[in-house]
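J.: Using the sequences and the hints, build the whole thing.
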Amino acid sequence: MDIDAWLWWLIGAAALGIGLVITAMPELGMLAVGAVAAAVVSGFFDGSAVAQVVVFAVVSTALIAVVRPIANRHRAQRPQLATGVDALKGRQAVVLERVDGSGGRIKLAGEVWSARALDADRAYEVGQEVDVVDIEGATAIVM
Numbered sequence: 372m373d374i375d376a377w378l379w380w381l382i383g384a385a386a387l388g389i390g391l392v393i394t395a396m397p398e399l400g401m402l403a404v405g406a407v408a409a410a411v412v413s414g415f416f417d418g419s420a421v422a423q424v425v426v427f428a429v430v431s432t433a434l435i436a437v438v439r440p441i442a443n444r445h446r447a448q449r450p451q452l453a454t455g456v457d458a459l460k461g462r463q464a465v466v467l468e469r470v471d472g473s474g475g476r477i478k479l480a481g482e483v484w485s486a487r488a489l490d491a492d493r494a495y496e497v498g499q500e501v502d503v504v505d506i507e508g509a510t511a512i513v514m
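First residue of the sequence shown: 372, per the numbering used here; consecutive thereafter.
Accuracy of the hints is not assured; some may be wrong.
[Unchecked claim] Below are the EDC-like pairs computed for lysine to aspartate or glutamate, each with C-alpha atoms no more than 16 Å apart in a straight line:
no. : residue 1 : residue 2
1   : LYS460    : ASP502
2   : LYS460    : GLU496
3   : LYS478    : GLU496
4   : LYS460    : GLU507
5   : LYS460    : ASP505
6   : LYS460    : GLU482
7   : LYS478    : ASP505
8   : LYS460    : GLU500
9   : LYS478    : ASP492
10  : LYS478    : GLU468
[Claimed, not checked] Using C-beta positions, here's what the derived DEER-type ranges look like:
no. : residue 1 : residue 2 : range
11  : VAL429    : GLY461    : 46 to 52 Å
12  : GLU468    : ASP505    : 37 to 43 Å
13  : ALA436    : LEU489    : 45 to 51 Å
14  : VAL421    : ALA453    : 22 to 28 Å
15  : SER485    : ALA436    : 49 to 55 Å
Read the hints as simulated data drawn from the structure, not as lab findings.
Ideal Cβ positions, reconstructed from N, Cα and C, are used throughout, including at glycine.
T.: Next comes the structure, spelled out in structure tokens:
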């Protein structure tokens with residue numbers, strides 16, 4: 372049984388695609404695209420083995436050279452919309468029970484939170500507005 376070169380390239384592309392799914396390495400996906408390009412050269416244009424390898428190398432390298440820096444820039448950017456605990460940092464809250472270095476209660480974003488003063492020597496009285504500096508577990512650190 373004689374298998375054409377284009378089929379070998381597609382088998383290689385499928386193997387790289389499976390590797391991409393298993394390892395989540397985007398470079399494998401770019402190599403898979405290069406293998407598909409080599410299969411096209413082999414199947415439609417009857418390219419030589421050298422032409423197939425050159426197309427594979429050029430397409431794969433070009434994709435890695437172009438896509439990787441773009442992906443790294445996007446990965447380095449902070450999300451524009453803060454969610455979860457990050458969304459609560461910097462917000463104002465109202466003291467419900469006296470807050471000092473050992474504890475207290477505040478109303479933050481419509482919910483009652485345990486709170487602790489950032490400065491252990493400082494105390495905040497009921498009704499006073501405070502700023503949330505950080506969240507540690509289920510305790511808001513305020514000042």
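J.: Does the alpha-carbon distance linking LYS460 and ASP502 stay inside the 16 Å limit?
T.: It holds: about 8 Å lies between the C-alpha atoms, which stays within 16 Å.
J.: If you draw a straight line from the CA of LYS478 to the CA of GLU496, is it 16 Å or shorter?
T.: Holds, at about 13 Å.
J.: Taking the beta carbons of VAL429 and GLY461, is their distance inside 46 to 52 Å?
T.: holds (49 Å)
J.: Would the hint linking LYS460 and GLU482 be met if the CA-CA limit is 16 Å?
T.: At roughly 14 Å apart (the allowed maximum being 16 Å), GLU482 and LYS460 satisfy the hint.
J.: Between ALA436 and LEU489, does the beta-carbon spacing fit 45 to 51 Å?
T.: holds (47 Å)
J.: Check the following: the C-beta atoms of SER485 and ALA436 are separated by a distance inside 49 to 55 Å.
T.: For SER485 and ALA436 the Cβ distance comes to about 52 Å; the hint holds.
J.: Next pair to validate is LYS460 with GLU507; report whether the Cα-Cα distance is within 16 Å.
T.: holds (11 Å)
J.: Against the range 22 to 28 Å, how does the distance between the Cβ atoms of VAL421 and ALA453 compare: consistent or not?
T.: violated (53 Å)
J.: Please work out if LYS478 and GLU468 have their alpha carbons no farther apart than 16 Å.
T.: holds (10 Å)
J.: Would you mind confirming whether the straight-line C-alpha gap from LYS460 to GLU500 stays at or under 16 Å?
T.: holds (14 Å)
J.: Please work out if LYS460 and ASP505 have their alpha carbons no farther apart than 16 Å.
T.: Cα-Cα ~6 Å, so holds.
J.: Regarding GLU468 and ASP505, is the given constraint of 37 to 43 Å on their beta-carbon distance met?
T.: Violated: the Cβ-Cβ distance is about 19 Å, outside 37 to 43 Å.
Checked against the numbered hints above, the structure violates hints 2, 9, 12, 14; every other hint is satisfied.
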